[in-house]
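A.B. asks: Keeping their order, the protein sequence lines are chains A and B. Number 412 in this note's numbering belongs to position 292 of the first sequence; there are no gaps in the numbering. Number 770 in this note's numbering belongs to position 263 of the second sequence; there are no gaps in the numbering.
Any given hint could turn out to be false.
Cβ-Cβ distance ranges computed for the label pairs, FRET-style [stated by the list, open to error]:
no., chain 1, residue 1, chain 2, residue 2, range
1, B, T873, A, N184, 28 to 36 angstroms
2, A, G435, B, E576, 17 to 25 angstroms
3, B, R800, A, G289, 55 to 63 angstroms
4, A, T389, B, E641, 18 to 26 angstroms
Stretch-level coverage of chain B by chain A, calculated; a stretch enters the list once three of its residues show a Cβ under 8 angstroms from a Cβ in chain A [what the hints assert, rightly or not]:
no., region
5, 523 to 534
6, 599 to 610
In case anyone wonders, no lab produced these hints; they're calculated from the structure. Every value quoted in this text rests on a predicted model; they were computed, and no experiment measured them. All residues carry an ideal CB built from backbone N, CA and C; glycine is no exception.
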Amino acid sequence: MIAETSGSALSTSIGFFVKTGSRDESHELWGASHFLEHMVFKGTPEFSGDEINARFDRMGASINAFTSEEDTVYYATVLPDQQHEAVDLLARMMRPALRESDFDTEKLVILEEIRMYDDQPPFGADDRCRAAFFGGHPLARSVLGTVDSIQALPVAAMRDYHRRRYAPGTIVLAASGAVDFAALVESARRLCSEWEPAPAASRLIPEPPREPAVRATERIVRPSAALDYAVRMVAGPGEQHPDRHAARLLSLLLGDASGSRLYWALIDTGAAEQAACIHQDYLDAGLFVTQLSCDSADVDELLARIVEIYGAAAGGGIEQAEFERAQNKLASRVVLSGEKPRRRLFDVGLEWSHLGVYRSVADNLGIVESLSLDDIRRVLATWPLDGPAASVIAGSGTGG
Amino acid sequence: MKQTLHSTTLDNGITLVGERLPDLESVAIAFHCPAGAVHDPQGQCGLATLAGEMCLRGAGDRDSRQIVEDLESAGVILSQGVSTTHMSFSGAMVARHLPDVLPIYADLLRRPRLPDEEFSGARQMILQNLAGIEDDPAHRTVAMLRRIHCPTPWGMPTEGITTDVEGIDIGHVRTFVARHVQPRGMIISIAGRIDWDDFASRIGRLFGDWSPGTASPVATGPRGPFVAHVPHDSQQTHIALGWSVPPYRDDASHEATAALAILGGGMSSRLFTEVRERRGLCYSVSAGYQTHRDFANALCYSGTSAERAQETLDVMLAEIERLPGTITAEELERVKARAKSGLVMQQESSGARAGAIARQWYHLGTIRTLADELARYDQLSVPAVESWLAAQPPRDLSVVSLGREPLEVSPAISA
Chain A
121 MIAETSGSAL STSIGFFVKT GSRDESHELW GASHFLEHMV FKGTPEFSGD EINARFDRMG
181 ASINAFTSEE DTVYYATVLP DQQHEAVDLL ARMMRPALRE SDFDTEKLVI LEEIRMYDDQ
241 PPFGADDRCR AAFFGGHPLA RSVLGTVDSI QALPVAAMRD YHRRRYAPGT IVLAASGAVD
301 FAALVESARR LCSEWEPAPA ASRLIPEPPR EPAVRATERI VRPSAALDYA VRMVAGPGEQ
361 HPDRHAARLL SLLLGDASGS RLYWALIDTG AAEQAACIHQ DYLDAGLFVT QLSCDSADVD
421 ELLARIVEIY GAAAGGGIEQ AEFERAQNKL ASRVVLSGEK PRRRLFDVGL EWSHLGVYRS
481 VADNLGIVES LSLDDIRRVL ATWPLDGPAA SVIAGSGTGG
Chain B
508 MKQTLHSTTL DNGITLVGER LPDLESVAIA FHCPAGAVHD PQGQCGLATL AGEMCLRGAG
568 DRDSRQIVED LESAGVILSQ GVSTTHMSFS GAMVARHLPD VLPIYADLLR RPRLPDEEFS
628 GARQMILQNL AGIEDDPAHR TVAMLRRIHC PTPWGMPTEG ITTDVEGIDI GHVRTFVARH
688 VQPRGMIISI AGRIDWDDFA SRIGRLFGDW SPGTASPVAT GPRGPFVAHV PHDSQQTHIA
748 LGWSVPPYRD DASHEATAAL AILGGGMSSR LFTEVRERRG LCYSVSAGYQ THRDFANALC
808 YSGTSAERAQ ETLDVMLAEI ERLPGTITAE ELERVKARAK SGLVMQQESS GARAGAIARQ
868 WYHLGTIRTL ADELARYDQL SVPAVESWLA AQPPRDLSVV SLGREPLEVS PAISA
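Just need the whole structure built from these sequences, with the hints factored in.
C.D. replies: Set out below in structure tokens:
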């Protein structure tokens with residue numbers, strides 16, 4: 121358990137952070153983590169799904185959940201007088217009923233979610249690119265699964281997955297904002313201490329690749345697409361690497377939505393609809409992800425131009441003033457996002473769950489302020505953004 | 508909870524509204540100019556949006572790049588957008604930077620250069636955005652609903668129409684900015700760690716000598732057809748439904764928004780329960796409320812596989828029709844609890860408060876205290892909501908589908 125309490129906060133955010141995600145699935149369980157996240161809302165032995173929904177609404181709770189490659193997180197934000205109720209219900213949900221009739225109905229919702237994303241940009245290019253980069257590594261699997269993998273999943277397999285992956289040792293209870301910590305500990309003791317321990321869940325982590333498994337550019341054809349959507353991935357520092365903070369600053373400098381190198385070259389000029397560079401980190405692997413959307417006829421040329429921009433940055437072309445602007449931008453975001461209890465819940469909960477460390481907003485600000493241009497240069501030299509990449513382009517297939 | 512709210516109006520018509528939130532480090536500021544898309548001339552849909560983009564591309568002594576660099580050096584998270592009614596420039600920052608950045612905002616509004624050499628990039632940027640929207644089925648569905656339901660020009664797409672934007676030149680932009688970017692009717696809102704007197708005097712120095720300009724009335728025309736289908740090659744069919752409800756400044760808007768929240772506002776709402784939880788018909792389904800100053804509409808949305816879309820539409824319509832006469836006290840209590848905790852949590856965000864007090868000023872000409880807002884929710888009762896529903900049941904629905912095939916819409920629900 122971890123909590124960051126604030127005397128001035130008006131709300132309390134509570135989250136159960138379960139250390140399980142798509143990288144922990146076998147091929148037969150592909151999509152089970154995310155499907156299970158939905159099933160957790162469908163009822164406990166004592167409550168139906170309708171009752172859970174009604175209880176959260178009655179608390180005035182803002183409640184949601186997400187599943188990623190490495191985490192499944194359930195969170196609620198409530199007024200402080202509802203802390204007990206919210207923790208109580210969330211904790212009970214961690215032991216869901218997983219009834220077969222609910223499972224069959226919710227399967228239809230998951231299939232609709234898969235179709236919804238498949239109809240939207242980037243039309244699966246992000247999942248396909250991750251698969252091309254990670255090859256046989258478990259990080260290659262998409263979070264949602266596929267229509268086939270979801271249709272084939274039996275409820276018994278989900279029950280077994282839940283028993284193995286939702287053991288007490290793989291769950292962190294985190295809170296932020298106006299938290300009564302003593303009451304939180306008491307709630308957890310009462311509600312969670314009976315949970316049956318399971319053997320430490322192995323995450324079966326083979327060494328992630330540092331270079332893409334597939335280098336040829338793949339194409340996904342959507343005849344009706346108005347634009348082309350390109351996703352390009354190269355290796356970057358992972359979560360446990362000291363350069364992850366510098367990597368984030370570098371991605372802002374190169375590819376933030378405003379004021380970055382890609383912005384001035386491609387967005388300001390109207391050459392592309394979107395051109396972004398994002399640093400994504402996992403437990404033991406990292407990526408620099410480039411996202412480009414533009415006219416089909418321009419996509420190959422613009423991707424090449426982006427790689428040139430990366431090359432020029434690595435070739436010593438970053439000035440101190442440009443670095444400082446990106447540093448100010450990042451520092452400002454740390455301060456502003458630090459004001460939001462919900463946002464602090466994610467930062468505090470995920471860092472504690474993954475790394476076993478706690479960092480305050482002031483600590484994070486200190487890290488940003490301690491970065492130097494040399495750190496950025498080192499990242500560029502260690503992880504060449506113009507180096508070997510996995511690339512996928514989705515679009516009408518009419519240009520290029 | 509004690510609140511510190513401020514408002515004042517300058518001689519030239521600019522209104523300043525503010526709220527001090529002393530526990531925050533940040534301030535959020537927004538300049539809302541009455542230069543929204545409703546002023547786009549016929550055949551130039553997207554002119555306001557293009558003009559807003561051009562205002563960022565050089566103003567006062569700074570060129571386009573210097574504006575962005577100076578704001579970013581102060582750690583300002585800048586955004587610019589055009590709604591139906593307003594062209595807005597906003598920013599969030601650590602409070603101590605505010606005095607340095609106010610003159611930049613004054614330049615954007617009062618001294619935009621609107622240079623020839625920036626125009627083609629700006630127009631191309633707007634056209635790229637329009638192409639991206641072509642690939643966003645949910646956005647297109649809701650945009651079409653607004654377009655057929657609202658009287659012209661209130662439902663026109665703020666982002667523009669491709670063929671119209673292609674025909675706009677820099678002269679049109681200069682004319683639009685000169686005519687509409689003006690103090691009369693402008694709202695400057697600020698929330699967070701502020702010193703109101705200092706802020707108001709700085710705004711007075713930067714904007715006080717700007718002459719008011721002239722009002723630009725909007726000629727409101729007829730609404731569109733009640734049913735529309737947008738052909739689109741997708742696995743899912745998207746559905747949007749709308750009907751008229753009282754605007755925010757009408758006291759009955761509380762009953763209306765409560766009824767809509769019961770219909771589709773939370774996880775225990777009727778649409779979520781019946782369409783998603785009970786039948787697994789969709790991933791997303793909701794009902795909401797969209798208001799202008801003089802009229803408002805309910806909006807329901809869902810997206811689902813083509814072969815299940817007719818059933819989804821039918822269930823949505825049945826729930827809408829079932830609403831009058833069936834509201835329970837338990838449902839209303841849940842809606843009140845969600846609304847009230849949302850209001851309190853808004854006080855944690857400078858950006859949310861700056862937005863909320865500006866909206867209130869525009870719609871009501873005043874700022875309501877949190878205590879007043881909470882009291883309004885306390886007064887809501889089942890008989891009040893029911894009597895409003897009995898007087899104004901959902902009728903004359905506008906229906907939009909987007910997908911491979913149109914859906915069947917019974918003539919009974921639509922005018």
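A.B. asks: Does each hint hold? Answer for all of them.
C.D. replies: Hints versus structure:
1. B:T873 <-> A:N184: 28 to 36 angstroms: Holds, at about 34 angstroms.
2. A:G435 <-> B:E576: 17 to 25 angstroms: holds, 22 angstroms
3. B:R800 <-> A:G289: 55 to 63 angstroms: holds, 57 angstroms
4. A:T389 <-> B:E641: 18 to 26 angstroms: With Cβ atoms ~21 angstroms apart, the hint holds.
5. 523 to 534: holds (count 4)
6. 599 to 610: holds (count 3)
Of the numbered hints given earlier, the model fails none.
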